[in-house]
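Counting in our numbering, the sequence shown runs from 10 upward without gaps.
No lab work stands behind these hints: they were computed from the structure.
It should be emphasised that the depicted structure is a prediction, and the values quoted were computed from it without experimental measurement.
There's no promise every hint is true.
Below 20 Å or equal to it, Euclidean Cα-Cα: the simulated EDC-like pairs (lysine to aspartate or glutamate) are [as the list claims (entries may be wrong)]: (1) Lys58 / Asp97; (2) Lys58 / Asp106; (3) Lys45 / Glu63; (4) Lys37 / Asp89; (5) Lys84 / Asp97; (6) Lys17 / Asp89; (7) Lys74 / Asp91; (8) Lys60 / Asp99; (9) Lys45 / Asp97; (10) Lys103 / Glu79; (11) Lys74 / Asp97; (12) Lys58 / Asp23; (13) Lys74 / Glu102; (14) Lys74 / Asp106; (15) Lys17 / Glu79; (16) Lys103 / Glu28; (17) Lys37 / Asp106; (18) Lys74 / Asp23; (19) Lys45 / Asp99; (20) Lys45 / Glu102; (21) Lys17 / Asp88.
Pair ranges (Cβ atoms, derived) [said to hold, decoys possible]: (22) Asp89 / Lys37: 18 to 24 Å; (23) Lys60 / Gly39: 32 to 38 Å; (24) Gly59 / Gly39: 32 to 38 Å; (25) Gly38 / Val71: 23 to 29 Å; (26) Tyr80 / Leu21: 20 to 26 Å; (27) Asp88 / Lys60: 25 to 31 Å.
The beta-carbon is built from N, C-alpha and C at its ideal position, and this holds for glycine as well.
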Amino acid sequence: MVGQAFRKFLPLFDRVLVERGAAETVTKGGIMLPEKSQATVVAIGSHSKGKGGEVQPVSVKVGDKVLLPEYGGTKVVLDDKDYFLFRDGDILEKYVD
10 MVGQAFRKFL
20 PLFDRVLVER
30 GAAETVTKGG
40 IMLPEKSQAT
50 VVAIGSHSKG
60 KGGEVQPVSV
70 KVGDKVLLPE
80 YGGTKVVLDD
90 KDYFLFRDGD
100 ILEKYVD
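Can you make the complete structure from the sequences, with help from the hints?
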């Protein structure tokens, strides 16, 4: 559930750790996106809970490119690098090839 460099940091439940600004600023379809809204998933929690309390898998996996809301997330510093922790439900979009 975690990338190689993040074995000491394991997000819980529906949390997703991302590195911002790792994706291109123009999509293949020609849509321009602000760089800070783009990120790469580097670690994920084990699950989320649905409205009825049922356990659901997190919707992204390590290495996915995602679109984030402009504001939000919790800043986490690991090995002198800035990362951000979001809830799975806060992620707006996952890029697919």
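Hints versus structure:
no.: 1; hint: Lys58 / Asp97; in the structure: 11 Å, holds
no.: 2; hint: Lys58 / Asp106; in the structure: 28 Å, violated
no.: 3; hint: Lys45 / Glu63; in the structure: 33 Å, violated
no.: 4; hint: Lys37 / Asp89; in the structure: 32 Å, violated
no.: 5; hint: Lys84 / Asp97; in the structure: 16 Å, holds
no.: 6; hint: Lys17 / Asp89; in the structure: 14 Å, holds
no.: 7; hint: Lys74 / Asp91; in the structure: 17 Å, holds
no.: 8; hint: Lys60 / Asp99; in the structure: 16 Å, holds
no.: 9; hint: Lys45 / Asp97; in the structure: 18 Å, holds
no.: 10; hint: Lys103 / Glu79; in the structure: 15 Å, holds
no.: 11; hint: Lys74 / Asp97; in the structure: 13 Å, holds
no.: 12; hint: Lys58 / Asp23; in the structure: 8 Å, holds
no.: 13; hint: Lys74 / Glu102; in the structure: 9 Å, holds
no.: 14; hint: Lys74 / Asp106; in the structure: 10 Å, holds
no.: 15; hint: Lys17 / Glu79; in the structure: 28 Å, violated
no.: 16; hint: Lys103 / Glu28; in the structure: 14 Å, holds
no.: 17; hint: Lys37 / Asp106; in the structure: 9 Å, holds
no.: 18; hint: Lys74 / Asp23; in the structure: 17 Å, holds
no.: 19; hint: Lys45 / Asp99; in the structure: 15 Å, holds
no.: 20; hint: Lys45 / Glu102; in the structure: 14 Å, holds
no.: 21; hint: Lys17 / Asp88; in the structure: 11 Å, holds
no.: 22; hint: Asp89 / Lys37: 18 to 24 Å; in the structure: 33 Å, violated
no.: 23; hint: Lys60 / Gly39: 32 to 38 Å; in the structure: 37 Å, holds
no.: 24; hint: Gly59 / Gly39: 32 to 38 Å; in the structure: 36 Å, holds
no.: 25; hint: Gly38 / Val71: 23 to 29 Å; in the structure: 25 Å, holds
no.: 26; hint: Tyr80 / Leu21: 20 to 26 Å; in the structure: 22 Å, holds
no.: 27; hint: Asp88 / Lys60: 25 to 31 Å; in the structure: 37 Å, violated
The structure fails hints 2, 3, 4, 15, 22 and 27 (numbered hints given earlier, in ascending order).
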